[in-house]
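Colleague: Letter by letter, the chains look like this.
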Amino acid sequence: MTDVVEQSELEAVDRVIIRFAGDSGDGMQLTGDRFTTASAINGNDLATFPDYPAEIRAPAGSLAGVSAFQVQISDHDIMTPGDAPEVMVAMNPAALKSDLHLLTPGGTLIVNNDTFEERNLAKAGYDYNPLEEGDDLSGYRTISVPMTSLTKEACKELGVKPRDAERSKNFFALGLVSWMYSRPIEPTLDWIDQRFAGKDQIIAANKAAFSAGHIYGESAELGDQRVVVKAAPLASGTYTNINGNTALSWGLIAASQLADLPLFLGSYPITPASDILHELAKHKAFGVTTFQAEDEIAAVGAALGASYGGHLGITTTSGPGVALKSETMGLAISLELPLVIINIQRGGPSTGLPTKTEAADLLMAMYGRHGESPMPIVAAKTPSECFFAAIEACRIALEHRTPVMLLSDGYLANGSEPWLLPDVDGLEPINIEFDTEYNHIGEDGEAGYWPYLRDENLVRSMAIPGTPNLMHRIGGIEKEDGSGNISYDPTNHAHMVEVRAERVKRVKVPDIEVAGDPDAEILVVGWGSTWGSITSAMGRVRSNGHKVAHAHLSHLNPFPKNLGEVLEGRTHILVPEMNLGQLSLMLRAEYLVDAKSISKVAGQPFTAGELEQTILEYIEGKSKS
Amino acid sequence: MTDVMDSEAVPETTRADWQSDQEVRWCPGCGDYSILTALQLLLPDLGVRREKTVFISGIGCAARFPYYMNTYGMHSIHGRAPAIATGLALARPDLDIWVVGGDGDMLSIGGNHLIHALRRNTNLNILLFNNQIYGLTKGQFSPTSETGKITKSSPVGLISEPFNPISVAIGAEASFVARTHDMDRKHLQEMFARAHAHSGASFVEVYQNCNVFNDGAFAEITKKDARDDMLINLVHGEPIQFGSEGQFGVVQSVDGVEIVNVSDVGVESLLVHDETRSNPSTAFALSRLASRPNTATPVGVFRAVEREEYASAMSDQVMGVTEERGRGQLKDLLHSLPTWEV
Ligand SMILES: Cc1ncc(C[n+]2csc(CCOP(=O)(O)OP(=O)(O)O)c2C)c(N)n1
Ligand code: SF4
Ligand SMILES: [Mg+2]
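Heads up: the protein sequence lines correspond to chains B and V, in order.
Start counting the first sequence at 1; every next residue gets the next number (the numbering used here).
Start counting the second sequence at 1; every next residue gets the next number (the numbering used here).
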């Protein structure tokens, strides 16, 4: 194609945010995903945000059924899928109605005008056609395209039935947007071949629609719309575009190899965690066993049973499932067995917002069990970092014989970014050795085995079933330290409660690093997926000459040893969280500091703009509360 | 590590080798004692290793069982033993796993886990000690307590209908289902040995007397002098016949099975017991002969059919895929999506 030649002549922009919005049945996730891959191959840095409804098939054309995919592509390092899109594709009136307010003033709106007929308009709640009347679209540059009819037209020759051809209209949109951003064509055509292999009619229709979209851009005098986003100067190496759940699954497999233990996943399907079950189920060749249990309680129980048998026991779920697992987590704490509980958080309480993001399970992870039952907590901060967070959670669980909660969320789970693939040989092995010998001489002088003898980190000895001579019983009733025999002795119980607390405190956690201006008066403390928005906001604030520091927690229990020091002497400590202030509560309790909560619970991540605004308010002293 | 051992002969053991050093703490006279003794006496004859044997239990009096066995064991949480044991069995098909629990543990709070464990047919020996009461929590009704029963939590009489554990197990697609009782060591051992020999999930209901909160619940059928007339001993390949003189029998009827006088129908008309029928209807019908243990009640093996064992099928899948694709390499996995160079 001629694209390569043309690129150099086109206006270059440093970044662009595009949002594809349409009906759930319009294939917007696929379209967005494909555009992302083409951009990744083009060398851009990028970040994505799939934003889709909980209903599988909400009534066609309804507001509830709008499914969107936002992607930011850039020629430099970026952290988020961007705040306000500059380009929006609206495939139907409902998409326009629900998402138009997001489009940046002056932005480009591409609409499929074929769908703007009475019935669809009514379903979206319009009693007029906004493409023709009213001033909804004023202030935007609107490109109104009859995508459905042009797609049907393009497929006519192919003998594809019009109704089937209509389904390819998302490829028309993809073709048009690909043209606008000078994406190479071939990779997408090849991908269509692979993705729809065996369905020749569909391949032909999709390719025809894609080309028609591309040609439309070329011929419809949209030339001034065409720009190029150059490759980002990323560190050299091999990249792949990865979402959080895939990275997390791969991290679990990596951990299993690093520990040289087979991986056992017990799980019960729940959005947005199910994809980890799906991904791991594909990788049996890594010695992975996936067990879809009858419920979450059985899932965590089976994982604990596998851990007891010497495997790496893992369970994946989302908030409601964690609630069901809490008794078994308590058992794992009492048994002192390794176990990794993965919570891909979503909006709550109850069923809440299954497909929308929130990070309001921190206090549940920390305190959501009966009795004094502390558990280490690890949180991932970006989609690709989910890989390392998974390894870290498994490492702590195995090396410290404890259940560990790993927190991710819907935003990380489904969002994707280019990932510079790590050197797998450089990953540190996980040390776990099971006992094979007696470890104790009894009062009678006989050698025996005590399951609760501890090392300097208070990690207990562990012999797995099948080991000759070391037979012993463990259980959830309070046990005597050392022997593990049932004990109702009050002082022993007090001692065991202390030991379990101290065990978690002795988990080694790297010191927290302070980004930005380390000594700034204002410190932003974050955890989890807010990293991207905070980092972007920080960049903006600092480029305006202000000083601000950022500390991001990957370990929520125990906290890094230097956290107290880092918090000391700040004028303001700001804690942005997708909850009503859970980390700020923990910081206040632990360090007696005035940690101010900046909260957002709208099922959507923070935008960098929102955080920039808030930080500036503190800098300018407007918000002193 | 243990593979080397496996090729060696299993060492001879005695009952004492299977007893842990923990003092047994059931109420004096509790039926659990005789079950424990029966199993500890049987295990030396099963040709198994102590270190390969694991007892997993939930919570309840019955669930204290693992503490008394000199094997590996886990006393877990109420109702969840079948789930935990399933994970262990999937991870470690080399182990011999027993699950022990009471009627509340396995049919109330853990009912869901029990039916799915049976349905999946994982190699577990599941022993349900049915005393028709909550023992450990001191005497509330259980899902097997009879309608009308007066207990602490049903002072005016229990309203609901009980489960018939054998019917539940058969309905849950169990491949091995048996019933025995705590007054007959030989029969207990025979059922335990059969359950152990079966590949897949084996379910054994043990009528167990709780002499503190539900004394005599099974006395009408298990008392020595009542047994002949009240216990219908199911023997594979034999006509189903009972009574001190063999005067009673079981025949197929329009909607199941019924008890008849042998003199009325002749021995040749009696139903010949066949544990291996793939259709569970007759086994189910047999389980319905007695709605309460105060009329003639079948004991023995109701059903023993061959069905794919879940854990081995699961590990076959893992091995099959591994053989087909070769052992997974982490580096290849990380490169399995489209990649590009910078
Ligand atoms: C989650 C939970 N709920 C309730 C209990 C209290 N509890 C302990 S054992 C039990 C019932 C025991 O009855 P059963 O299972 O029949 O055993 P038995 O004591 O009769 O042998 C109950 C309700 C508990 N330990 N855990
Ligand atoms: S309460 Fe009943 S079941 Fe429990 S130990 Fe005592 S007699 Fe046995
Ligand atoms: Mg009971």
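In case anyone wonders, no lab produced these hints; they're calculated from the structure.
Keep in mind that a hint or two might mislead.
[Stated by the list, open to error] In silico BS3-like links for lysine-lysine, alpha-carbon gap of 30 Å or less:
hint	chain 1	residue 1	chain 2	residue 2
1	B	K282	V	K224
2	B	K508	V	K224
3	B	K561	B	K600
4	B	K156	B	K199
5	B	K161	B	K123
6	V	K331	V	K224
Quantities reported herein were computed from a predicted structural model and do not represent experimental measurements.
Colleague: Could you run down the list of hints and mark each one as holding or not?
Modeller: Hints and how they fare:
no.	hint	verdict
1	K282(B) to K224(V)	violated (58 Å)
2	K508(B) to K224(V)	violated (64 Å)
3	K561(B) to K600(B)	holds (28 Å)
4	K156(B) to K199(B)	holds (17 Å)
5	K161(B) to K123(B)	holds (26 Å)
6	K331(V) to K224(V)	violated (69 Å)
Checked against the numbered hints above, the structure breaks hints 1, 2, 6 and satisfies the rest.
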